[in-house]
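Asks: Sequence:
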Amino acid sequence: MTTDEDAAVAENDELSENLTKVEELSQRLVELLAKHKPVRRELAAPNQDVFTGAASAYWSEMIQNPGKILEQQMEFWGKSVKHFVEAQHVLAQGKLEAPEDPTPFDRRFAHPMWKSNPYFNFVKQQYLMNAEAIHKGVESIDGLQGKERARLKYFAEQIVEMMAPTNFLATNPDALEKAIETEGRSLVSGLENLIRDLEANNGELIVRLADETAFELGANIATTPGKVVYRNRMMELIQYSPSTDEVHEIPLVIFPPWINKFYILDLKEKNSLIKWLVDQGYTVFIVSWMNPDRSHSDIGMEQYIEEGYLTAIEEVKKLTKQKQVNAVGYCIAGTTLNLTLSLMKKRGDKSVKSATFFTTLTDFVDQGEFTPFLQDDFVDGIEAEANEEGMLRSFIMQRTFSFLRSNDLVYGPAIRSYMMGEAPPAFDLLYWNGDGSGLPGKMVVQYLRKLCQANTFVNEGYELLGETLHIKDVTVPICSVTCETDHIARWKDCYRGFQQAGSKNKTFIVSQSGHIAGIVNPPSKKKYGHYTNKDLKQDAEGWMESATFTDGSWWPRWDKWLTPMSGKMVPAREPGDSEHPVLEDAPGTYVKVPATR
Numbered sequence: 001m002t003t004d005e006d007a008a009v010a011e012n013d014e015l016s017e018n019l020t021k022v023e024e025l026s027q028r029l030v031e032l033l034a035k036h037k038p039v040r041r042e043l044a045a046p047n048q049d050v051f052t053g054a055a056s057a058y059w060s061e062m063i064q065n066p067g068k069i070l071e072q073q074m075e076f077w078g079k080s081v082k083h084f085v086e087a088q089h090v091l092a093q094g095k096l097e098a099p100e101d102p103t104p105f106d107r108r109f110a111h112p113m114w115k116s117n118p119y120f121n122f123v124k125q126q127y128l129m130n131a132e133a134i135h136k137g138v139e140s141i142d143g144l145q146g147k148e149r150a151r152l153k154y155f156a157e158q159i160v161e162m163m164a165p166t167n168f169l170a171t172n173p174d175a176l177e178k179a180i181e182t183e184g185r186s187l188v189s190g191l192e193n194l195i196r197d198l199e200a201n202n203g204e205l206i207v208r209l210a211d212e213t214a215f216e217l218g219a220n221i222a223t224t225p226g227k228v229v230y231r232n233r234m235m236e237l238i239q240y241s242p243s244t245d246e247v248h249e250i251p252l253v254i255f256p257p258w259i260n261k262f263y264i265l266d267l268k269e270k271n272s273l274i275k276w277l278v279d280q281g282y283t284v285f286i287v288s289w290m291n292p293d294r295s296h297s298d299i300g301m302e303q304y305i306e307e308g309y310l311t312a313i314e315e316v317k318k319l320t321k322q323k324q325v326n327a328v329g330y331c332i333a334g335t336t337l338n339l340t341l342s343l344m345k346k347r348g349d350k351s352v353k354s355a356t357f358f359t360t361l362t363d364f365v366d367q368g369e370f371t372p373f374l375q376d377d378f379v380d381g382i383e384a385e386a387n388e389e390g391m392l393r394s395f396i397m398q399r400t401f402s403f404l405r406s407n408d409l410v411y412g413p414a415i416r417s418y419m420m421g422e423a424p425p426a427f428d429l430l431y432w433n434g435d436g437s438g439l440p441g442k443m444v445v446q447y448l449r450k451l452c453q454a455n456t457f458v459n460e461g462y463e464l465l466g467e468t469l470h471i472k473d474v475t476v477p478i479c480s481v482t483c484e485t486d487h488i489a490r491w492k493d494c495y496r497g498f499q500q501a502g503s504k505n506k507t508f509i510v511s512q513s514g515h516i517a518g519i520v521n522p523p524s525k526k527k528y529g530h531y532t533n534k535d536l537k538q539d540a541e542g543w544m545e546s547a548t549f550t551d552g553s554w555w556p557r558w559d560k561w562l563t564p565m566s567g568k569m570v571p572a573r574e575p576g577d578s579e580h581p582v583l584e585d586a587p588g589t590y591v592k593v594p595a596t597r
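Going by the numbering used here, the first residue of the sequence shown is number 1, and it counts up by one from there.
Worth double-checking, as some hints may not be accurate.
[Unchecked claim] The calculated label-pair distances, taken between Cβ atoms and stated as ranges, are: (1) S26 with E574: 39 to 47 angstroms; (2) I134 with E31: 29 to 37 angstroms; (3) K472 with A170: 53 to 61 angstroms; (4) S546 with T468: 32 to 40 angstroms; (5) E192 with K147: 41 to 49 angstroms; (6) L33 with N130: 22 to 30 angstroms; (7) P118 with T589: 54 to 62 angstroms; (8) E192 with F427: 16 to 24 angstroms; (9) K318 with P564: 21 to 29 angstroms.
It should be emphasised that the hints constitute simulated quantities derived from the structure, not laboratory data.
Please read all numbers here as calculations on a predicted model, not as lab measurements.
Think of the CB as a built atom: it goes at the ideal place given N, C-alpha and C, for glycine as much as any other residue.
With the sequences and hints as input, model every part of the structure.
Replies: Given below as structure tokens:
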């Protein structure tokens, strides 16, 4: 037997061995899925009324305007038949080549075989025709209005994205090529990755986005020097060590969202907002929220405000011997900072000198891309989940947020991990994204029902802690930083609520990029610019049309806004004092608690 023949036999043996492993892993996968207890149906799909209503509206349109519907159907049928005939004609001529491909660029179909191979090209073009037909069908329904139309469009798009041929091994040339090149090892690795992710989430499929072994909090991520100087059941208060000889007299306390961990603002030294603020001479404190479990079911917005915001502000005042602080709230923590400021106004508490809001919503009249999930069927499901579990588990929120960008955060990573057998990348932002937090049952229902659905804070007022809280009660100097392509807290929606605040000193900034990259945008990167406009009486479109664009990060502009409200320079303060002994080094203990599954 020749050397080439020996090699071929060896390769065949390896392929057979790997395919046997695939069968064994598949059996293990079946057994794992058989034990899986799925989450309640209401959290996985909308009430059937959404689709029933769409079908009724479509049928009504067929009766009243059959010409339009038949025209759409005939167009789709005609394109499909023509496509099939052209493919058959090429094959009949003995040409194993793809026909002319006029389809636009789509990065899912970047592999050359999607254009050159007649089989893959046919599959791709037919998929794009099907997608176009679904989109046109949804657009043509005249009987649906507002939120129901938005919901139908969203779920129709989810079906389109789910059915992409790249999501299936038999129609993914990248995955098939790699399986052949690796003698099936990629399929074995892919199944191992899939089983690992399912086991890590009690049978729920949450694609692991980053290599979790590559990061250690306090070692190579969340490394800005500081100390935990206060702790209660709701939060740890971290004071950062100064890097300048003098600091601004009035301290800065940051409230991050408790849906995620605080270290998004301290990923690495080069892009850490916390480190940058310390270097500008601020005494910086940040709240690290507890990660709730089922025992925290009775914790509501009241406890977040009283034991979180108000307590943190009081402890910071004691630590720095100041009567006021400057406060920052990010996302939901910005919304709650607004509630806190309204409450303090009612109580005559002037402890906050200024407030800055990152990507903060206060007016929920337009729910944007979250419209599909903020209707009663989904919220009823969340409330039932909260009542049963005592909390809204982290993976449910993570899954919801991921499907807002399903190609980037679900299908693309799944293809690389499960079909290609690749290890997740060592990417700090994606690591943070997967390190989530749950929400206490009472709090999540309050937030969804009273703020998101009823929109009480800008309407009749939000009844809380014995007061009626309203956006007009927010009268301290305020600055809002929003992001141009943010799909979670759209800048136009943030602007609408910001306009309604009672403050006479307002600054509004729109950073380029999205919910995270637009905020974590250090000056050293020189990547994203920002827009400003002092005229806040215009609507959002008018504001942006006449806004001034500035290259580079908004951080220095905010520093200039914050400096006049931060007092004189005083000797730098080391963390803690006699009444606040150092409990441990930053980033503390609470941030390391994993989410409850």
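Asks: For every hint, state whether the structure bears it out.
Replies: Do the hints match the structure? See the list:
The hinted range of 39 to 47 angstroms is not satisfied by S26 and E574, whose Cβ atoms lie roughly 59 angstroms apart. A beta carbon spacing of about 36 angstroms between I134 and E31 agrees with the range 29 to 37 angstroms that was offered as a hint. Checked against the hint of 53 to 61 angstroms, the pair K472 and A170 passes, with Cβ atoms roughly 60 angstroms apart. In this structure, S546 and T468 meet the distance hint of 32 to 40 angstroms, their C-beta atoms being roughly 36 angstroms apart.
The hinted window of 41 to 49 angstroms between E192 and K147 holds, with their beta carbons roughly 42 angstroms apart. The hint said 22 to 30 angstroms for the Cβ distance between L33 and N130, and at roughly 28 angstroms that hint holds. For the pair P118 and T589, the supplied restraint of 54 to 62 angstroms holds, since their beta-carbon distance comes to about 60 angstroms. The hinted range of 16 to 24 angstroms is satisfied by E192 and F427, whose Cβ atoms lie roughly 21 angstroms apart.
At about 24 angstroms, the CB distance of K318 to P564 agrees with the hint of 21 to 29 angstroms.
Going through the hint list in order, the structure does not satisfy hint 1, though it satisfies all others.
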